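**Student:** Here's the letter readout for the chains.
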Amino acid sequence: MQSTDFDQTLSPEEPARLELDKVSVAYGQRQALCDISIHIPHGQCVAVVGPNGAGKSTLFKALVGLLPVQSGTILIHGRPLGHHRDCVAYVPQRDEVDWGFPLTVRDVVVMGRYGRRGWLRGPTKTDRKAVDESLELMGITELAERPIGELSGGQQQRVFVARALAQNPHILLMDEPFTGVDAASRESILRVLDQMHRQEVTVLISTHDLNLASSRFEHVLVLNKRVIAYGSPAEVFTPQTLHAAFGGQALMLGDHLVAVDQCCPPERGGMIQ
Amino acid sequence: MTWLTAPLAYGFMQRGFVAAVMVGVLCAVIGCYVVLRSMAFIGDAMAHSILPGVAVAYLLKGNLLLGALVAALAVALGIGLFSRPSAVKEDTAIGILFAAALSLGVALISTIRTYAVDLTHILFGNVLGVSTSDLVLTGLLGGGVLLALLVLYRPMLVATFDPVLAATLRLPGRLLRTLLLVLLAVTIVVSMQTVGVGLVAAMLVTPGATAYLLARRLPRMMAWAALIGALSSVCGLYLSFYLNVASGAAIVLVATAMFMLAYLLAPDKGLVFEHLRARRAVTRDECDSDEGH
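The listed protein sequences derive, respectively, from chains A and B.
Heads up: the first sequence begins at 1422 in our numbering, then just goes up one per residue.
Heads up: the second sequence begins at 204 in our numbering, then just goes up one per residue.
These aren't lab readings, by the way, just hints derived from the structure by calculation.
Hints are supplied without guarantee of correctness; some may be wrong.
Said to hold, decoys possible - Heads up, simulated SDA-like pairs for lysine to any residue below, C-alpha to C-alpha not over 20 Å straight-line:
1. B:Lys292 <-> A:Gly1570
2. B:Lys472 <-> A:Leu1572
3. B:Lys472 <-> A:Thr1525
4. B:Lys472 <-> A:Lys1550
5. B:Lys292 <-> A:Thr1525
6. B:Lys292 <-> A:Gln1450
7. A:Lys1443 <-> A:Ser1492
8. B:Lys472 <-> A:Gly1668
9. A:Lys1646 <-> A:Lys1546
10. B:Lys292 <-> B:Val309
11. B:Lys472 <-> A:Ser1492
12. B:Lys472 <-> B:Val320
13. B:Lys264 <-> B:Arg380
14. A:Lys1646 <-> A:Ser1458
15. B:Lys472 <-> A:Leu1488
16. B:Lys472 <-> A:Lys1443
17. B:Lys472 <-> A:Lys1646
18. A:Lys1546 <-> B:Ala484
19. A:Lys1646 <-> A:Ser1636
20. B:Lys264 <-> B:Leu211
21. A:Lys1546 <-> A:Phe1522
22. A:Lys1550 <-> A:Glu1571
23. B:Lys292 <-> B:Arg357
Bear in mind that the values here come from a model prediction, so they are computed numbers and not experimental data.
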C-alpha cells in the first residue's frame, strides 16, 4: 500500500487527479481568482505562495466547495465537485473557530470521522483507531483529553491537522499551517507531509515562507489572482515570476533575488529593507 | 422541615413545581447552543415576537399556546430568511422585526378590557395558574425538543463549533440553523406560562452561561445547565411562595445569583482562580529573574 518509489508515484503517465480548468471566483464585485488552470497529479505535494490577497485561501475554499465557482470547472479524480464527501480535507486558518468552545482535543479530532458513517451512530472501532493514529502522528496523544482552550497556537494547529488526517483524505488542503506556530509543531506538520507523500495523498499548502517552499517542496504554485508559475522550485523562483507575483516586494540585491513576503498586513508588519 | 413541604400541600404549587422544573431544564439545555452560538439577542427577540400571536388567539378566544406557537414558528422562519447576507445586517433586521411585533402585540392586547392583568401574565408568566393539561402539553413539546437535540447532537455540534468543517462534510448548515430556531421557538412558547416572554431569554442564557464556566465538554455543560435550571426553578418558587414575589422573576434572580457565584468561584475560569493564577505567575517570574542575577 505504501509506496516509497516517488518517481513512480509522480510519473507523467499518472492521470491528473486535481484539475482546474479556467476557474474564476469572485467575492461580490471583487475578482479573487481569474482563469486558474492547473493539473496536479495524484500524490503531489504543492506549496502555494503569493502575496496577501493573492487568492490562496479562496482557491482552497473553492476546492472544497465553500465558495461558488463563477466560471470554469474543478475536477477531482475526473469528477466534478459535489461527488466527493470525504476525499478532500481542509485545514482552515486557526482563527476561524472559537477556541473557548467546551471540547477536548479528542472531541475535535473525532469530528473528522463524522462524515463517514451515519450522523446518528457513535464512533466505531475503526473510527477510534483512525483518531488515535492521527493524534499519535501529530504528537498530541498526551493532550487528547485536554480542553482545546488550554492549547498553544502550534498545538491548536496540530489538532486541526490531526482532524484532517482522521478524514483519510485523498486531497489535503492546509491554509497557512506554519503561521505563528512553534518549531515542534512546524516539524510535526512537515513530518506529516512526508507521510502523506508516501501514502500518495495530494497535498496543497499555502505559506508565506518562501524558503520553506523552495527547500521542502517538490512543486510550487505561485499565485497572484492568476497562476504566475507552477513547477519545481528551481523553475518557479526566477526574478521574473517573483516580480510578477510580489511586485514591489521583490527585491534585487546584486545577483541575488530577495522576495520579502509578509504574513501581516503592511501597516503592522512593515517591509524589511 | 415543614417549610419545605408546606407549599406542596397546594395542588397549584405542585403543578407549578413540575412545570417550572421542566421549563428550567428544557431552556437550559437548548440554551447551551444559544450561548455557544451567541444567539441571546435572537432568543430575546423571538420571545417578544410571539406576543401578537398570543393576542390574536386571545381575541379569537382560541388556544393561547397554539397562537404563540404559530407566531413563534413564523418568526423562526423569518429570521432564517434574514440570515442571508443582505442590505441590512442580521441583528438590525431582527431588532426592527421584534420591536414591531412587540408593539403590534401590545396594541392588540390593549383593546382587551382586562388588559393590564393579561399582559402581565404573558410578559412575566403565571406559573401558579398551570393546569394539568398545560403540564401534559409542556411535557410533550419539551420532550420532543430534547429528543430532537439528542438525535441531532453530532451535526449540531459540528455546525456550531466549525461551520467550515460542517460545509466541507456537506452538512446542511442553513437547515440546521433554521431547525434550531424552530426548536427555540417551541421552547419559548412552552416557557411562556412559567417565566413569561419577558424573562425567558434569561432562562435560555443564564444557566447555559453558568455551565460554560464550569464544564470542559459540551455534554457536561448541558448537564450542569439542566441542573442549574432545575435548581433555580425550585428555589425560585420557594422564594416566590414565602416572600410573595412574582415567580418568574424569583426564578431568574436565583439563576443570576448562581451565575455570579460561578463567575467568581468557578475552577479554571472563575475570577478568583484567575487572580490567584496571575499572582502565582508573577511570583514565579520574580524568582526566575532573581536566579538570573
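**Student:** For each hint, tell me whether it holds in the structure or not.
**Tutor:** Here is what the structure says about each hint:
1. B:Lys292 <-> A:Gly1570: violated, 30 Å
2. B:Lys472 <-> A:Leu1572: Satisfied, since the Cα-Cα distance of roughly 15 Å is no more than 20 Å.
3. B:Lys472 <-> A:Thr1525: OK: Lys472 of chain B and Thr1525 of chain A at ~16 Å, within 20 Å.
4. B:Lys472 <-> A:Lys1550: violated, 33 Å
5. B:Lys292 <-> A:Thr1525: violated, 33 Å
6. B:Lys292 <-> A:Gln1450: holds, 19 Å
7. A:Lys1443 <-> A:Ser1492: Satisfied, since the Cα-Cα distance of roughly 7 Å is no more than 20 Å.
8. B:Lys472 <-> A:Gly1668: Judged against 20 Å, a Cα distance of about 48 Å means the pair is violated.
9. A:Lys1646 <-> A:Lys1546: violated, 44 Å
10. B:Lys292 <-> B:Val309: Not satisfied, since the Cα-Cα distance of roughly 26 Å exceeds 20 Å.
11. B:Lys472 <-> A:Ser1492: violated, 49 Å
12. B:Lys472 <-> B:Val320: Roughly 43 Å between the alpha carbons, so the hint for Lys472 of chain B and Val320 of chain B is violated.
13. B:Lys264 <-> B:Arg380: Not OK: Lys264 of chain B and Arg380 of chain B at ~33 Å, beyond 20 Å, violated.
14. A:Lys1646 <-> A:Ser1458: Answer holds: Lys1646 of chain A to Ser1458 of chain A is near 12 Å, not above 20 Å.
15. B:Lys472 <-> A:Leu1488: Judged against 20 Å, a Cα distance of about 37 Å means the pair is violated.
16. B:Lys472 <-> A:Lys1443: Between Lys472 of chain B and Lys1443 of chain A the Cα gap is close to 51 Å, so the pair fails against 20 Å, i.e. violated.
17. B:Lys472 <-> A:Lys1646: Cα-Cα ~44 Å, so violated.
18. A:Lys1546 <-> B:Ala484: violated, 42 Å
19. A:Lys1646 <-> A:Ser1636: violated, 24 Å
20. B:Lys264 <-> B:Leu211: The given pair, whose Cα atoms are some 32 Å apart, is violated under the 20 Å limit.
21. A:Lys1546 <-> A:Phe1522: violated, 26 Å
22. A:Lys1550 <-> A:Glu1571: Measuring from Cα to Cα gives roughly 25 Å; hence the hint is violated.
23. B:Lys292 <-> B:Arg357: violated, 29 Å
The structure fails to meet hints 1, 4, 5, 8, 9, 10, 11, 12, 13, 15, 16, 17, 18, 19, 20, 21, 22 and 23 from the earlier list, while all remaining hints are met.
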